[in-house]
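K.L.:
Chain by chain, the residues:
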Amino acid sequence: MSFYALIGRRLLQFIPIVVFATFVVFALLQFVPGDPAVTLAGDYASKERIEEIRKLFGFDRPLIEQYAIWLWHAVQGNLGTSLLSSSPVVDLIAQRMPNTILIALYALLISAVVGVPLGILAATKVGSRIDAFVTSIASLGVALPSFWLAILLVITFSLNWHLFPATGATPFFSDPAGAIKHATLPAIALATAVIAELARQVRSALIEVLNSQYIRTLRAKGLGPIEILWKHGLRNISVTLLTLIGLQVNRLLSGAVVIEAVFAIPGAGSLVAYSAINKDFPVVQGVVLVFVVMVIVINLLVDILNALLDPRVVQQ
Amino acid sequence: MTTEAVSAPVRARRARRTVWGIMRRDLRAMLSLSYLALLVFVAIFAAKIAPYSPIEQNVAELLLPPSSAHWLGTDDLGRDVLSRLIWGAPNSLYASTFAVGVAVAIGVPIGLLIGFIGGWLDEIVSRFIDALLSFPPIVLAIAVTGVLGISLTNAMFSVGIVFAPVLARLVRAQTLIVKQAVYVDAARAFGASIPQIIVRHIVPNAIQPVIVQVTLMLAIALLAEASLSFLALGVQPPEASWGGMLARAYNYIETAPAQMYTPGFAILLTALAFNALGESLRAALDPTMKRR
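In the order they appear, the protein sequences are chains A and B. Per my numbering, the very first residue in the first sequence carries number 520; after that it's consecutive. Per my numbering, the very first residue in the second sequence carries number 29; after that it's consecutive.
Any given hint might turn out to be false.
Output of the computed footprint for chain A on chain B, the stretches with three or more beta carbons under 8 Å from beta carbons of chain A [what the hints assert, rightly or not]: (1) 59-70; (2) 104-115; (3) 277-285; (4) 289-297.
Derived by calculation from the structure, the hints in this document are not laboratory data. Even glycine gets a Cβ: it sits at the ideal position worked out from N, Cα and C.
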């Protein structure tokens, strides 16, 4: 199969996922107790306003039709207006998303730089003390509540040592250094669970490759262990690695909600928590939609990149 | 038919015996089990063990350091921190078991059904599962909680819904493997009905990875409860929860930083215990690991 045919097929496979995922987001509002038009109109709305909203969103029409209307609005960038601030949901998300993306990317970078080498180190020395150390660090990292770690980081690095600011965020494009400084502690707290997960998965994937027949053959051929690791071992797990990193986006966005709350970062994560508490449903719906679309698109990109990296995927 | 009917339970019993045998010699598993047993005991008898009421406020004793009267000090409303820590245990255990229970109740039957029936039903439901797994779990749980109304039960119900597709996918994969086994064909040839096959053959054989996954999920559910309670979307004040205690204490981080430690350790230890138990179970149940 040609490369383009493969991309075409992957895109086709993603369509039902996008349809189902957006339908779940749409359906969220259906579970709000009471009349959705009354909910969306907000407190103290006039009868005319409620009717207007009912017509606008088509709440008097069949569910599938309502979904189509909602999706059509969403594709055009119309996610409704916030019940609290009456500004467009899209604007709110656009204002806050850069802060979330910054700490998520920063955390992803830290996780890859720390987690992957740890996994490689453990896999090449299975059963050693280093392996035991990495494995226990990984178990600890998975069980550590990230927001607690975040607080401990604030106590140590902000309150005691005054190295990093404890709260807030700086826009990246006006002051990159300040933005990085603000994002460092949140990114570390966010990265811990991902480091643990990556180290674990890389370790087990690499152990499997290094135990395979053809690596044994290479060894018998007299190839040195470092050459085997770099040329054959790591090349073989590169596809797995990319998939793994793609899957972590989900975890990072989940973690960002709590971490942004700890550091008082005006990001999309803290926005969704705040809006859920204050029953600002259009905003909740909007953020969830943007997040899930991000995850799906990133996984699609990972899939395509995998095909580029691994000729076997194309052949399948 | 008779040999089949006897062999599955016998096999299961034998497996259980060896699994327990392996677990008993596993220090990590025994430590986690003892800790969890202690935690369950504390949770059941919280009212008897806690020295003070977890919600009674005392304005004369705000933010006290640890003393002989208050071993872990008092919080910003003068409540005994140790008592709140103890009362956090039943809430956390209830929350994590409830969420995982919801996930099992929804995920396992769906996984069995689509794995067994297959065809277009499997095709559609599997895509739906893929879609659900694309949501960042905490974000979806927050949204569902916000929509259903903020309470611990709703929050953990949401977490259960978020976990269900993971179990459904796992059970589906197991069902597909077992479905093709020769003894299932034999049972079918002898006239066993579909429910009979599912209950007698598929479930006992698919259950092992589910047990491991469920144990590991308890840890994730516990962390989710702590996160949601920290965000004020889980356990509602004045009820005690470890995540909620951290959120309150965070406001007094400069005057009483010591309050940040014990609730965090409680969450960490409990999550570690669930994870360690899950990993040990995985090792004990996995035949390839046993030989090593």
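K.L.:
Would you mind marking each hint as holding or not holding in the structure?
P.N.:
Do the hints match the structure? See the list:
no.: 1; hint: 59-70; in the structure: violated (count 0)
no.: 2; hint: 104-115; in the structure: violated (count 0)
no.: 3; hint: 277-285; in the structure: holds (count 4)
no.: 4; hint: 289-297; in the structure: holds (count 4)
The structure fails hints 1, 2 (numbered hints given earlier, in ascending order).
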